[in-house]
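**Q** If you want the building blocks of each chain, they are given just below.
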Amino acid sequence: MLFRNRDGAFALPLADVLAVVPLPKIRFLPLLPPEVAGMVVHDGEALPLLRLAAQDSSATASAFAVICAVSWGRVALPADAVPRVPAPERFETPGLSTADENAGRHVLYDQAPYLLLDIERIVAELSRWDFRQPSPSGNQEV
Amino acid sequence: MSCSTGMSLVFRLGDVGFSLAAEDLLEIREEDSRELFAADVPPAMLPFRDGEIPVVNLRRLFRLPDNPRREVSGKYLVLAGARGNWAAPVDRVLGVYPSSAFTRCPAPLLSHLPGPRPYGDVELWRDELLVRCDALWLEQCRRGI
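Order-wise, the sequence lines are chains Y and C. Last residue of the first sequence: 142 in the numbering used here, with the numbers rising by one and none dropped. Last residue of the second sequence: 145 in the numbering used here, with the numbers rising by one and none dropped.
Extracted from the complex, chain C is given alone in its bound form (with noise of 0.2 Å):
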């Protein structure tokens, strides 16, 4: 995956944008949503390649609203992850950009805030403030917190 370092994929929930670095990025799917986004335990299973990898609700994670426009054709990213793969549901994608269009964004707060949390860093991207993400501290999150 050579070709996307350097490169950030751009999603949103709702109305909030994160930002995630492409090596992570597997695939981007698009799945019938209505099963998969039921509830995370036992945690939904997505089909990929010759098996099934778990399905991370990112909403559930960050403390978002569900979605009540939600349709039933859901975009996921399947994520390379340390104990295999998995994916989560997306809103929308928005792109993959390469690392001169972010500016990172200082934000002391967040490293006053008690741990351990999704993430920890933001950045600007079009004048955005995105929720930098990182693939395997998700993985690990969403297991830990």
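Pulled out of the complex, with its shape left as it was, chain Y reads as follows (with noise of 0.2 Å):
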């Protein structure tokens, strides 16, 4: 699946996508890390809405969310359209081997590189946030 937005052009593994969604009201909590824009709630429980890229990014300015399946839930990935599923002859993978070494490749889709994302690996950077540490400006849009 491929979609953009303010962040970057975006590609993901169908099996990660559980659901395309009009972007849901975005709710601000406190001591979340960074790479969190806010909240989400869908299907009735809060998800992470995911900044890809620099931390004051405005992916609340997003009109769709991409719901990802992770390893201990789900997150919420801003998209500015109902994101694309290119037939699999319409895309370039050059040199993508395993998921380790997939990380910061690009695919390519009409000659335009999409960065492939691994959902994984960015949300097990959340879990090393300490919030003890000194306050980034990114959370607190309060």
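By construction, these hints were calculated from the structure, which means they are not laboratory data. Do not take every clue at face value.
As the list claims (entries may be wrong) - With a straight-line cut-off of 20 Å between C-alpha atoms, the simulated EDC-like cross-links for lysine to aspartate or glutamate are: (1) Lys25/Y x Glu30/C; (2) Lys75/C x Asp134/C; (3) Lys75/C x Glu30/C; (4) Lys75/C x Asp127/C; (5) Lys75/C x Glu27/C; (6) Lys25/Y x Asp15/C; (7) Lys25/Y x Glu128/C; (8) Lys25/Y x Asp127/C.
Claimed, not checked - To give an idea of the interface, some chain C residues facing chain Y are shown, with a C-beta separation under 7 Å as derived from the structure: (9) Val93; (10) Leu109; (11) His112; (12) Val122; (13) Leu129.
Glycine is no exception: its CB is placed at the ideal position from the N, C-alpha and C atoms.
Two chains, two frames, a set of hints: combine them into the complex.
**A** Right, dumping it as structure tokens:
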């Protein structure tokens, strides 16, 4: 699946995607990692809406949320439009191999590069963030 | 305080909403906040009954930015703690509501973040996501975090 937002252009394995929904209302909570733009409630559960680039990027301006499965639950990614699911033969995946080696790789579609996301790697970073460290400006939008 | 069983207080710090079991609440007071909002070390004290109780700045505990529109007169929650009563300034008190007004909202991320943290649960109230607080845990956190 391919999608764009203000952070860039991204590709996700379809197996990671549970749903694409209009971006729910974003709610701000204290003491969240800077990579979390806020929380969205989906199916009765509060999910983190992740920033995919700069900590001050405006994930909140997107129109859609891509709901993804991770090992401990679900997360939401901002998307500016309904993502594309191109036919496999229209993809170019130069040099892709194992998940570990694919970090930071791009896939090509219509000659445009899309950063291949490893959601598990991204959420693993979240669990390392200690709020007792000096406070970043990322989620202080209150 | 059996009459408050199952009731929760809703209050706000900035734009963030919080809820707390009403049975932990002893009183809501309005005080001149100019001195009490000063630094926590040494802790500010609030006259209460025949003595004084410490004032805990929840904004600092939750790493929320200071309120630039702070008014001279502020509201204080007086809460029961394990080591005595304590007070917390808040921006707004929105009321006390029965448990039926709240819907627990699972947030798995919160349990995967390093702790200890001042809160671990959130709940929905009138389409707003509230931070669920526990007075005893907050009291413990302000000593240890």
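**Q** Please go over all the hints and tell whether each is borne out by the structure.
**A** Hint by hint, here is what the structure shows:
no. : hint               : verdict
1   : Lys25/Y x Glu30/C  : 33 Å, violated
2   : Lys75/C x Asp134/C : 19 Å, holds
3   : Lys75/C x Glu30/C  : 4 Å, holds
4   : Lys75/C x Asp127/C : 24 Å, violated
5   : Lys75/C x Glu27/C  : 10 Å, holds
6   : Lys25/Y x Asp15/C  : 14 Å, holds
7   : Lys25/Y x Glu128/C : 10 Å, holds
8   : Lys25/Y x Asp127/C : 9 Å, holds
9   : Val93              : 18 Å, violated
10  : Leu109             : 5 Å, holds
11  : His112             : 5 Å, holds
12  : Val122             : 6 Å, holds
13  : Leu129             : 4 Å, holds
Hint violations for this structure: numbers 1, 4 and 9, all remaining hints satisfied.
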